[in-house]
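S.K.: Each chain, written out:
There are 4 protein chains.
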Amino acid sequence: MGAGENARAIDIRNAFALGSAIANEGWVVLTGGRNRGVMDAVNKGAKASGGLTVGILPTKDRRTISVAVDVAIITDMGSARNYINVLTSDVIVACGAGGAGTASEIALALKSEKFVVLFNSSKESRAFFKKISGRLVLEADSVSKTIDIIKLLLAKMRKSSTRTIKRQT
Amino acid sequence: MGAGENARAIDIRNAFALGSAIANEGWVVLTGGRNRGVMDAVNKGAKASGGLTVGILPTKDRRTISVAVDVAIITDMGSARNYINVLTSDVIVACGAGGAGTASEIALALKSEKFVVLFNSSKESRAFFKKISGRLVLEADSVSKTIDIIKLLLAKMRKSSTRTIKRQT
Amino acid sequence: MGAGENARAIDIRNAFALGSAIANEGWVVLTGGRNRGVMDAVNKGAKASGGLTVGILPTKDRRTISVAVDVAIITDMGSARNYINVLTSDVIVACGAGGAGTASEIALALKSEKFVVLFNSSKESRAFFKKISGRLVLEADSVSKTIDIIKLLLAKMRKSSTRTIKRQT
Amino acid sequence: MGAGENARAIDIRNAFALGSAIANEGWVVLTGGRNRGVMDAVNKGAKASGGLTVGILPTKDRRTISVAVDVAIITDMGSARNYINVLTSDVIVACGAGGAGTASEIALALKSEKFVVLFNSSKESRAFFKKISGRLVLEADSVSKTIDIIKLLLAKMRKSSTRTIKRQT
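Protein chains in written order, with the numbering used here: chain A, 52 to 220; chain B, 52 to 220; chain C, 52 to 220; chain D, 52 to 220.
For the record, the hints were derived by calculation from the structure and aren't laboratory data. Note that the structure is a prediction, hence the values are computed from the model and not measured. Check before you lean on any hint, since a few could be wrong.
Intra- or inter-copy, both count: the list cannot distinguish identical chains.
What the hints assert, rightly or not - Below 30 Å or equal to it, Euclidean Cα-Cα: the simulated DSBU-like pairs (lysine-lysine) are:
(1) Lys-182 - Lys-98
(2) Lys-111 - Lys-174
(3) Lys-165 - Lys-182
(4) Lys-182 - Lys-196
(5) Lys-181 - Lys-98
(6) Lys-181 - Lys-196
(7) Lys-165 - Lys-181
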């Protein structure tokens with residue numbers, strides 16, 4: 052997740068590198084799907100490394116879809132689609148400081164008990180989200196650190212879902 | 052908007068007083084509609100002063116509806132209903148610091164270009180939301196201050212909508 | 052529920068009379084909220100008899116709201132708002148034959164185990180919906196017949212919810 | 052689209068064969084994603100032929116996802132997700148008569164101006180949907196006929212979207 056129209060050059064470069072690294076791990080990239088800013092760049096990075104990309108679009112206007120989205124899901128639900136973005140993801144990464152849209156995705160993720168990695172976020176963002184859901188918020192300042200954190204989180208989730216399954220039997 | 056299960060006693064007292072004051076102005080109270088915390092208290096305050104209350108519920112479970120909600124809208128859309136909450140409101144008030152749910156409503160409101168009043172919020176919350184959308188964020192530390200700000204905002208919105216109508220003719 | 056842009060004159064007349072009769076019973080009218088066809092007419096009828104009207108709007112465009120809607124809920128979710136319409140209603144009335152939008156509301160209502168009254172529907176509509184959910188579909192050819200059926204259904208629902216409560220204690 | 056819990060054996064056999072044929076054409080299969088009836092069978096057929104499958108799930112309960120879904124989109128929006136199903140699809144196929152859920156998808160598709168193929172539908176269903184949106188409704192009684200119709204529709208849509216692009220330049 053990250054800024055669309057107002058993304059900084061550094062966030063776009065990081066997003067491209069992150070998308071590429073995610074694809075190299077064999078993971079699927081999921082974004083808001085539009086042809087703008089961080090969304091667009093992370094998809095392009097993923098495709099450059101042969102990954103699969105999923106985009107959850109806010110409107111029916113097909114001209115707004117990033118060319119680097121393989122599976123475009125059309126919701127026509129505006130920012131309500133942000134809830135689908137976070138529920139569908141295993142781990143949420145906020146790339147750069149982002150604006151109100153990114154903030155809503157981080158908050159909806161935390162509300163849904165999902166882990167969020169703040170990659171190159173602002174100090175106000177880190178202070179706020181750590182305060183409301185410290186346990187679920189992690190920080191990274193590079194692509195490789197972000198990938199390492201995701202690996203740890205996935206391992207942790209796999210273990211806890213094994214526990215859940217065991218408890219059911 | 053405000054905390055549900057984890058609301059502080061001070062937030063619940065403020066929410067009741069705020070609901071009552073809103074009803075005295077003849078305004079409609081809109082909340083997430085559940086029988087918990089700030090939502091429940093602001094509705095009860097509004098009914099104590101004879102106001103009209105609207106609740107946008109996240110699930111179909113009718114036992115979770117606040118008894119003080121007059122018009123209960125059932126969405127079965129989980130936290131996606133937070134988007135409807137903010138789009139339907141003229142002004143959003145976050146009462147108390149709140150948690151991730153409240154944060155998502157503030158962020159969705161700012162994304163939708165709605166004014167948000169942070170009433171007795173945390174300093175981290177104020178710093179974060181002022182940073183991402185300073186123009187739309189206001190602060191209050193009492194019910195009467197909150198009501199005064201809403202009045203100013205409604206007057207401002209009425210003026211700007213008159214301008215819009217004039218431009219169209 | 053009923054046709055918007057393509058409503059027939061007879062459906063609009065019936066909708067106005069139905070809205071008025073619903074308000075006279077002290078019930079709340081809920082529609083899709085737009086200023087078109089059956090939605091608009093049933094709200095106007097309800098207001099003519101001093102009723103309360105709720106509209107669940109598909110878009111953010113406030114110019115499309117019926118002037119006779121008291122509580123306008125803004126969803127920005129297109130036809131997904133039809134699901135909210137039926138979940139929020141105690142009984143659904145389809146006024147006139149309607150088009151695809153009305154058909155989706157009838158189907159979503161039946162899927163959610165809600166009673167539907169087909170008032171002056173087409174024979175194809177009656178045959179289809181009776182076939183898929185006969186138990187939940189009722190027919191009426193006048194406003195007074197529609198009101199009588201709603202009364203019976205509300206009595207039945209009240210009884211069954213008493214049973215549910217008893218079973219829980 | 053088609054019945055979940057109450058699917059007939061013939062519909063499940065047809066769904067499997069249809070999924071396989073769709074995958075052989077190189078098309079993506081999109082369904083409601085649950086591990087029941089027509090949804091489950093069409094996904095299994097598609098995977099048997101090496102296709103890509105997308106499922107739009109109504110709830111957060113991951114145990115309800117069909118094992119044959121590659122990309123699972125979690126909406127937590129109940130039947131409102133039916134709107135996403137039809138908006139995201141190029142062509143909608145209703146396999147078998149279906150129930151109220153399938154009827155809502157057909158109706159939402161027609162409301163959104165999407166083509167719908169009724170494959171082995173009931174005569175009441177054909178009569179009803181032809182009446183409300185005749186231009187968009189097609190009928191098929193075999194998998195090969197369904198595939199032929201989809202090919203024609205895709206060719207038609209491609210031509211009309213070329214026209215749209217030309218008009219814009």
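S.K.: Could you run down the list of hints and mark each one as holding or not?
M.R.: The hints, checked one at a time:
| no. | hint | verdict |
| --- | --- | --- |
| 1 | Lys-182 - Lys-98 | neither (36 Å within a copy, 33 Å between copies) |
| 2 | Lys-111 - Lys-174 | neither (36 Å within a copy, 32 Å between copies) |
| 3 | Lys-165 - Lys-182 | both (16 Å within a copy, 24 Å between copies) |
| 4 | Lys-182 - Lys-196 | both (22 Å within a copy, 26 Å between copies) |
| 5 | Lys-181 - Lys-98 | neither (33 Å within a copy, 36 Å between copies) |
| 6 | Lys-181 - Lys-196 | both (18 Å within a copy, 29 Å between copies) |
| 7 | Lys-165 - Lys-181 | both (13 Å within a copy, 25 Å between copies) |
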